[in-house]
Amino acid sequence: MRNKYTIGTLGLEVVGIVVGLIFLIPFYFVLINSVKSFSEILLNAAALPKEVLFANYMKVWEVINFPRAFWNSLTITVFSNIGLVVISSMAAWKMVRTPGKFSKILFIIFVSAMVIPFQTVMIPLMKVGGTLGIMNSIPGLVFMYFGFGVPLSLFLYHGFVKTVPIEIEESARIDGCSSFGVFWRIVFPLLKPITVTVIILNTLWIWNDFLLPLLVLQDPNLKTIPLATSSFFAQYTKQWDMGLAALMMGITPVIIFFLFLQKHIIKGIAAGSIK
Amino acid sequence: MEPKLSPQDISVKSSVKLASKKKAKWKSVLTYAAFVGPAILFFTIVQLVPFFMGLYYSFTSWNGVSSTAEWVGFANYLKIFTNDKDFLNSFLFTTKFMLAAVVISNLIGFSLALLLNAALKSKNILRTVYFIPNVIGGLLLGFIWQFIFVKGFAAVGAATDIAFFKLPWLGDETTAFWGIVIVFAWQISGYMMVIYIAALQGVDPSLLEAAKIDGASSWMMLRKIIIPLILPAFTICFFLTISMAFKIFDLNLSLTGGGPFNSTQSVAINIYNEAFQYNRYGLGTAKSFIFFLIVAVFTTLQVVLTKRKEVQA
Numbered sequence: 001m002r003n004k005y006t007i008g009t010l011g012l013e014v015v016g017i018v019v020g021l022i023f024l025i026p027f028y029f030v031l032i033n034s035v036k037s038f039s040e041i042l043l044n045a046a047a048l049p050k051e052v053l054f055a056n057y058m059k060v061w062e063v064i065n066f067p068r069a070f071w072n073s074l075t076i077t078v079f080s081n082i083g084l085v086v087i088s089s090m091a092a093w094k095m096v097r098t099p100g101k102f103s104k105i106l107f108i109i110f111v112s113a114m115v116i117p118f119q120t121v122m123i124p125l126m127k128v129g130g131t132l133g134i135m136n137s138i139p140g141l142v143f144m145y146f147g148f149g150v151p152l153s154l155f156l157y158h159g160f161v162k163t164v165p166i167e168i169e170e171s172a173r174i175d176g177c178s179s180f181g182v183f184w185r186i187v188f189p190l191l192k193p194i195t196v197t198v199i200i201l202n203t204l205w206i207w208n209d210f211l212l213p214l215l216v217l218q219d220p221n222l223k224t225i226p227l228a229t230s231s232f233f234a235q236y237t238k239q240w241d242m243g244l245a246a247l248m249m250g251i252t253p254v255i256i257f258f259l260f261l262q263k264h265i266i267k268g269i270a271a272g273s274i275k
Numbered sequence: 276m277e278p279k280l281s282p283q284d285i286s287v288k289s290s291v292k293l294a295s296k297k298k299a300k301w302k303s304v305l306t307y308a309a310f311v312g313p314a315i316l317f318f319t320i321v322q323l324v325p326f327f328m329g330l331y332y333s334f335t336s337w338n339g340v341s342s343t344a345e346w347v348g349f350a351n352y353l354k355i356f357t358n359d360k361d362f363l364n365s366f367l368f369t370t371k372f373m374l375a376a377v378v379i380s381n382l383i384g385f386s387l388a389l390l391l392n393a394a395l396k397s398k399n400i401l402r403t404v405y406f407i408p409n410v411i412g413g414l415l416l417g418f419i420w421q422f423i424f425v426k427g428f429a430a431v432g433a434a435t436d437i438a439f440f441k442l443p444w445l446g447d448e449t450t451a452f453w454g455i456v457i458v459f460a461w462q463i464s465g466y467m468m469v470i471y472i473a474a475l476q477g478v479d480p481s482l483l484e485a486a487k488i489d490g491a492s493s494w495m496m497l498r499k500i501i502i503p504l505i506l507p508a509f510t511i512c513f514f515l516t517i518s519m520a521f522k523i524f525d526l527n528l529s530l531t532g533g534g535p536f537n538s539t540q541s542v543a544i545n546i547y548n549e550a551f552q553y554n555r556y557g558l559g560t561a562k563s564f565i566f567f568l569i570v571a572v573f574t575t576l577q578v579v580l581t582k583r584k585e586v587q588a
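Those protein sequences? They're chains W and R, same order as listed.
Going by my numbering, the first sequence opens with residue 1, and the numbers climb by one from there.
Going by my numbering, the second sequence opens with residue 276, and the numbers climb by one from there.
None of these hints come from the bench; they were simulated from the model.
Errors might be hidden in some of the hints.
For lysine-lysine, the following DSS-like pairs were computed, each having C-alpha atoms within a straight-line distance of at most 30 Å [said to hold, decoys possible]: (1) W/Lys-267 <-> R/Lys-426; (2) W/Lys-263 <-> R/Lys-426; (3) W/Lys-59 <-> R/Lys-426.
One side only, chain R facing chain W, incomplete, derived with CB under 10 Å [what the hints assert, rightly or not]: (4) Leu-293; (5) Phe-327; (6) Leu-390; (7) Pro-408; (8) Phe-418; (9) Phe-551; (10) Tyr-556.
In this text, a Cβ means the ideal position worked out from N, Cα and C, and glycines have one as well.
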């Protein structure tokens with residue numbers, strides 16, 4: 001199918017670019033209106049701003065304590081990721097390397113749990129969280145992400161470990177390496193491609209998650225970015241000016257994350273779903 | 276030279292061997308537990324225990340606050356099926372939404388993949404652009420589009436006089452429904468595209484070359500060669516879109532909040548309200564189990580059906 005660049009290809013190129021612009025229009029609306037005054041937004045939301053005002057951004061920065069919200073989101077995402085990588089890679093490797101009924105049944109349980117909607121477990125989970133005393137705390141929330149993230153992360157690692165040759169592990173063992181040594185020194189570095197995928201998928205999900213933080217974190221100081229942003233969009237009083245600036249600030253970090261890693265993200269998603 | 280062993284020596288030796296074997300077995304069980312234990316522990320506390328607790332609560336009239344939950348048998352389930360119009364409506368909405376969303380987002384996603392499979396100069400940039408909506412969470416996407424539907428479209432409509440932009444977006448049951456479909460498709464199509472592209476790259480070009488020489492049109496090649504060969508990708512994409520559309524919550528909540536007149540209330544929102552607005556946890560968990568069963572049945576059914584069509588390459 002590697003043909004020359006023809007008129008037909010040029011036509012497709014134009015179609016592609018037009019569709020691309022349509023995909024970007026929503027960001028245009030948010031960006032231009034985030035630097036307008038409230039009255040100018042109401043007057044005409046499609047026009048370019050008469051003058052660029054950064055007052056909205058400055059107000060939002062203070063009102064929701066943006067650095068705080070950003071820091072909370074970052075902490076939660078980073079620690080959840082570290083934990084999930086450690087827990088799931090170790091478990092998946094051992095399960096693959098210890099074939100037998102137990103490992104098989106365990107794997108089936110983990111995988112079938114992926115179909116459980118969050119709503120099915122959320123109500124009793126709040127009670128469990130209360131009993132364990134982990135409500136309204138960031139470590140508690142991270143603990144819960146460990147539990148929710150394990151099935152998918154383990155599933156991805158499980159598929160990948162099967163492709164890692166066992167011979168290197170055996171020779172290391174003959175040289176007197178313990179199980180932990182074999183795993184951390186030899187296997188884990190080999191798992192790097194799937195580790196990247198696992199981190200990316202978990203980051204996008206945890207950074208953007210809304211309902212679990214809403215249920216777990218009551219303290220305003222613990223608010224994450226989605227929680228903080230939603231405060232400008234109360235049902236009847238829409239503070240568009242501040243809301244749009246908050247949206248810009250909320251989506252910028254994750255878009256930067258994506259643009260830096262887009263090659264890995266796209267490759268990882270393709271690999272993660274085809275496996 | 277080996278020393279001669281008396282029978283007594285041999286029996287001593289074998290019992291030592293047995294003991295060390297036992298020890299080795301213990302050791303391997305302990306290592307297994309050390310590696311797999313944490314995963315089992317977190318998963319059990321966060322998902323398994325709440326799942327079975329929920330199953331129990333769904334047969335009670337628990338209000339979430341009191342320490343005792345009165346056993347009511349199937350009363351909650353009976354009530355949901357016979358006397359809960361809101362739940363029925365939210366279920367109908369979710370099903371309709373799922374069907375529309377799955378068809379549209381896969382159609383767009385697959386078309387975009389075909390487009391980018393051509394030798395476009397801008398294909399790397401375009402792939403990134405089409406994918407961007409996916410990295411933003413559903414909640415924020417909903418707020419972005421709420422603004423576009425309410426203020427942006429109105430402004431464009433006033434300037435261009437095109438009827439499409441002057442519709443009462445989000446204010447009317449039909450347009451609100453399609454509004455959510457549009458935003459969902461805008462978000463998800465790029466994700467589906469990535470999976471379809473990966474599958475398209477796996478199609479052997481010599482097959483297409485041969486078909487071309489035999490005089491097959493592009494449409495024929497698409498229908499008779501490409502689509503049958505990449506059916507596994509359709510299985511995955513349908514599975515993902517069905518489960519995502521069925522569980523829709525964030526996007527729905529921030530875009531329409533379930534309105535107007537509860538017409539766009541998804542099942543997930545209905546359950547959330549039942550539990551946390553009205554404090555009817557027993558009823559809420561019963562609904563969530565019905566929800567779980569429906570999601571499980573729909574997704575397995577879909578996988579079984581499309582798997583059957585896949586050809587072994």
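Going down the list of hints, with the structure as the test:
Pair hint W/Lys-267 plus R/Lys-426 does not hold up; C-alpha atoms about 37 Å apart against a cutoff of 30 Å. Between the alpha carbons of W/Lys-263 and R/Lys-426 the distance comes to roughly 35 Å, so the proposed pair goes past 30 Å and is violated. Of the supplied pair hints, the one linking W/Lys-59 and R/Lys-426 holds, its CA atoms being roughly 22 Å apart against a limit of 30 Å. With a least beta-carbon distance of about 22 Å to chain W, the hint placing R/Leu-293 at the interface is violated under the 10 Å criterion.
Here the hint on R/Phe-327 is kept, as its CB sits about 8 Å from the closest CB of chain W, short of 10 Å. Contact between R/Leu-390 and chain W, as hinted, is supported at the beta carbon level, the nearest pair being about 5 Å apart and thus within 10 Å. For the restraint placing R/Pro-408 at the interface with chain W, the shortest Cβ-Cβ distance is roughly 7 Å, inside the 10 Å limit, so the hint holds. Satisfaction of the interface hint for R/Phe-418 is found here, the shortest Cβ-Cβ separation to chain W being roughly 5 Å, below the 10 Å cut-off.
Hint on R/Phe-551 holds. Least Cβ distance to chain W is approximately 8 Å, under the 10 Å limit. For R/Tyr-556, the shortest C-beta to C-beta distance to chain W is roughly 5 Å, which falls under 10 Å, so the interface hint holds.
Hints 1, 2 and 4 from the earlier list are contradicted by this structure; the remaining hints agree with it.
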